[in-house]
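*Asks:* Residue numbers (the numbering used here), protein chains in the order written: chain V, 1 to 513; chain P, 1 to 306.
Accuracy of the hints is not assured; some may be wrong.
As the list claims (entries may be wrong) - Residues of chain P clear of chain V, computed beta-carbon distances all greater than 12 Å:
(1) 33
(2) 70
(3) 178
(4) 204
To be verified - In silico lysine-lysine, PhoX-like type, Cα no more than 20 Å apart, as pairs:
(5) 176(V) - 211(P)
(6) 121(V) - 7(P)
(7) 176(V) - 84(P)
(8) 194(V) - 53(P)
(9) 485(V) - 362(V)
(10) 377(V) - 284(V)
Stated by the list, open to error - Chain P residues, not near chain V, derived (Cβ > 12 Å throughout):
(11) 7
(12) 152
(13) 279
Just so you know, the hints here were simulated from the structure itself, not pulled from any lab data.
Keep in mind that this is a model prediction, so the values were computed, not measured.
Every residue gets a Cβ at the ideal spot worked out from N, C-alpha and C, and that includes glycine.
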Amino acid sequence: MKPLFRPLAVGALVAAAFAAGPALAAKDVTFAVASTFTTTDPYDANDTLSQAMAKSFYEGLFGFDKDMKLIPVLAESYDVSKDGLVYTIKLKKGVKFHDGTDFKADAVKASFDRVTNPDNKLKRYALYSNIARTDVVDDATARITLKTPFSAFINNLAHPSGVIISPAALKQYGNKDIAFHPVGTGPFKFVEWKATDYLKVARFDGYWKKGYPKVDGITWKPVIDSNSRAAVMQTGEAQFTYPVPYEMAETLKAKPELDIVAAPSIIVRYLSMNTQQKPFDNPKVRQAINYAINKEAVAKVAFGGYATPADAIVPEGVEFSVKTGVWPYDVAKAKALLAEAGYPNGFETELWSAYNHTIAQKVTQVLQQQLQQVGIKTKITLLEAGQRVEKVESWQDPATAPVRLYYVGWSSSTGEADWALRPLLYSESWPPKLFNTAYYKSERVDGDIRNALLTTDKAEKAKLYKDAQETIYKDAPWAPLVTEKLLSANNKKLSGVYTMPDGSFNFTDVDLK
Amino acid sequence: MLQYIVKRLLGLVPTLLIVGVLVFLLVHLLPGDPARLAAGPDANPETVQLVRKDLGLDRPLPQQFLRFVAGALTGDFGKSMRTKRQVSTEIADRFAPTFWLTVCAMAWSVVFGMGIGIVSAVWRNRWPDRLGMTLAVSGISFPAFALGMVLMQVFAVQLNWLPTVGADTWKHYILPSLTLGAAVAAIMARFTRSSFVDILQEDFIRTARAKGLSEPVVVAKHALRNALIPVLTMMGLQFGFLLGGSIVVEVVFNWPGMGRLLVDAVDMRDYPVIQALVLLFSLEFILINLIVDVLYGLINPTIRFR
Chain V
1 MKPLFRPLAV GALVAAAFAA GPALAAKDVT FAVASTFTTT DPYDANDTLS QAMAKSFYEG
61 LFGFDKDMKL IPVLAESYDV SKDGLVYTIK LKKGVKFHDG TDFKADAVKA SFDRVTNPDN
121 KLKRYALYSN IARTDVVDDA TARITLKTPF SAFINNLAHP SGVIISPAAL KQYGNKDIAF
181 HPVGTGPFKF VEWKATDYLK VARFDGYWKK GYPKVDGITW KPVIDSNSRA AVMQTGEAQF
241 TYPVPYEMAE TLKAKPELDI VAAPSIIVRY LSMNTQQKPF DNPKVRQAIN YAINKEAVAK
301 VAFGGYATPA DAIVPEGVEF SVKTGVWPYD VAKAKALLAE AGYPNGFETE LWSAYNHTIA
361 QKVTQVLQQQ LQQVGIKTKI TLLEAGQRVE KVESWQDPAT APVRLYYVGW SSSTGEADWA
421 LRPLLYSESW PPKLFNTAYY KSERVDGDIR NALLTTDKAE KAKLYKDAQE TIYKDAPWAP
481 LVTEKLLSAN NKKLSGVYTM PDGSFNFTDV DLK
Chain P
1 MLQYIVKRLL GLVPTLLIVG VLVFLLVHLL PGDPARLAAG PDANPETVQL VRKDLGLDRP
61 LPQQFLRFVA GALTGDFGKS MRTKRQVSTE IADRFAPTFW LTVCAMAWSV VFGMGIGIVS
121 AVWRNRWPDR LGMTLAVSGI SFPAFALGMV LMQVFAVQLN WLPTVGADTW KHYILPSLTL
181 GAAVAAIMAR FTRSSFVDIL QEDFIRTARA KGLSEPVVVA KHALRNALIP VLTMMGLQFG
241 FLLGGSIVVE VVFNWPGMGR LLVDAVDMRD YPVIQALVLL FSLEFILINL IVDVLYGLIN
301 PTIRFR
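All chains, full assembly: derive it from the sequences and hints.
*Replies:* Written as structure tokens, this is what we have:
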């Protein structure tokens, strides 16, 4: 009897192979990224990259499209109470989590109750600590009550960390282990995370948006060295990579199968000046420094031309940004201002950089050389992360802060002016609280920032933020330098992957020819 | 001999203890607050406090130290501050790739290095010597990252014969082990040569030649054994260094090894990982030294263990 079965079995195998035929041509894409992931839990992540990756399997109530415009995702619509305290959010129906459970208002409650509980010790606690409580009105409606009015709250919900986690999974794995078993509503299911090598996600068949995702899986592959990232693009081992180092752009452009994209960003690079210390307490000195710096040259030399001179305090692309214009480059005027301020022969000072990579090295060298032209002698120190924390970010006493000229950058991860101004220029944001490294204090700007958060009227907000930005421009606690461009490369067969202005990725439409 | 080995192994304990204390103190002396670093660029002071508690850094230093020692004794090095995974799993994941890469690199570089060294010594000051030593000097002076990039550009990007990054198949091992081994091969060649040149002038070599033994037998049997002792010492040292994970090669080839882990850990002030890694590196060095000492005895039976 036995031999009889053999042809049958072979036949079955052949048939099975045939049936599996179309599936064999799996559309798997690989993204080569610049560093390893710290976690898959967006509430416990502080790096843009881990949060961007987590969007494979998680979605929030709101989100940003590829141009950083706020869009509803799992939410249908929302209402704010008159006092700006109560947000009632209508939820999409028919959405399922990867574990098969339905997405309902209890998931919203579970997710926000988790992050607002300080016992869970999540790194994104501060972003949501203003939530007093979250209630389930009915299955399709959630209500969030705030402690104090905060008009940028919907932007906080759209922040890549504000995702909805399956309550069933949260219960099963607990607060810590959920990071190793992420379960969300996103287009892809989590498959495997080999911390050293890659993170794999596969298509989720029950995804609520019909026809999506268009590919079968994504492999997120951290490739640290930028030359190696360029190499995997050329060999076809990866279809998308970000960031591409400026000096590699020309080489990769020459490859017929690759596209190089320079996307606009909201990453602004600036030089902050410690306004509490001599000689930077004198606005004339600060203006002189602004006049002395040729921003075009900085963009060209240090950023290989992939940056534009900064023409605003809050960069274009962030809501309520106002163009204040580029400070003109005028050495004579700078010298005159210095003389007026009582420093006709210039002075000596420290120039620190918050980063120690090559670009920062080039920027500080250009700055040093240009400041030298007006008689300001600077001593450059490129701070390593630990030093930066010790000497700048955690410095306890503002009066003795050793920081003078400080090269640093920022991008407002909520896409809104509040998070572009408050951490950097509000008088209560001096280190060690937040990052007002200019130790800037202006009653007027403080008032504008405070009032803008209290009002829900858009026109009123725009007016307040405009006034704040114009005041800051005149007071010049910073020398705004450049707004970066984000350089990514993708294989021409790949479409629908974008680098967003904050350096995150949008890959809802990802497809492979 | 067994007694000797046991004695040496017992000697490990105080050494590791001292290393443990030193590394704990040094790591905590590094500038920079790990809680601040872990909390990230957007964090406010409350978040930093939360993170500090989460990482156990709010406890007094002596208490942290006791926890570290007690944990280390039971093989528990705590959790990585960066990834929140067990330090032992973090290291275990990366140990094998680094170990096998080291073995591959050592294997070819020892064979080539000694080969070149012997040839150079035998044909001293003639063209094989010049060629061999030119190669060796280039091997030492050519930086590993440049060599790695050139190899990758040629064999992976242009010719498409080998994969670029990762550690999945045997093919992945070729380029990194070539890069990693180049400097070792060069050092081995120079060491073997100088050691051989000395030995070849010894009386017993002249005796062997006078006995009428053929030159290959003289070189392979009489000279090699005796020349091997300093070479072996060098080999042990190099092996120990490579086991620590070559940062440059691991970055260029995206090798999931311990060098990269150490860099990541130092960047983020990931105390538990740094401590465990330094302890592991010391242990490796001590064990390799022990093995080298035992091998001395096998090569030269006149060496006695006490």
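*Asks:* For every hint, state whether the structure bears it out.
*Replies:* Results for each hint:
With a least CB separation of 5 Å from chain V, residue 33(P) falls inside the 12 Å interface cut-off, contrary to its annotation. The claim that residue 70(P) lies off the interface holds: its Cβ sits roughly 22 Å from the closest Cβ of chain V, which is beyond the 12 Å cut-off. For residue 178(P), the non-interface assignment is confirmed: its Cβ lies about 16 Å from the closest Cβ of chain V, beyond the 12 Å cut-off. With a least beta-carbon separation of about 51 Å from chain V, residue 204(P) lies farther than 12 Å from that chain, consistent with its non-interface assignment.
Distance hint between residue 176(V) and residue 211(P) is unfulfilled; the C-alpha atoms sit about 76 Å from each other, more than 20 Å. Proximity of residue 121(V) to residue 7(P) is assessed by CA-CA distance (about 47 Å); at most 20 Å being required, the pair is judged violated. At most 20 Å may separate the alpha-carbon atoms for a hinted pair to count; residue 176(V) and residue 84(P) meet this at roughly 9 Å. For the hint linking residue 194(V) to residue 53(P), the alpha-carbon distance of about 27 Å lies beyond 20 Å, and the restraint is violated.
About 17 Å separates the Cα atoms of residue 485(V) and residue 362(V), which keeps this hinted pair within 20 Å; it holds. At roughly 17 Å between alpha-carbon atoms, residue 377(V) and residue 284(V) fall within 20 Å of each other, so this suggested pair holds. Distance to chain V confirms residue 7(P) as a non-interface residue, since its nearest Cβ pair spans about 38 Å, more than 12 Å. For residue 152(P), the non-interface assignment is contradicted: its Cβ lies about 5 Å from the closest Cβ of chain V, within the 12 Å cut-off.
The Cβ of residue 279(P) sits about 20 Å from the closest Cβ of chain V, beyond the 12 Å cut-off, so the non-interface label holds.
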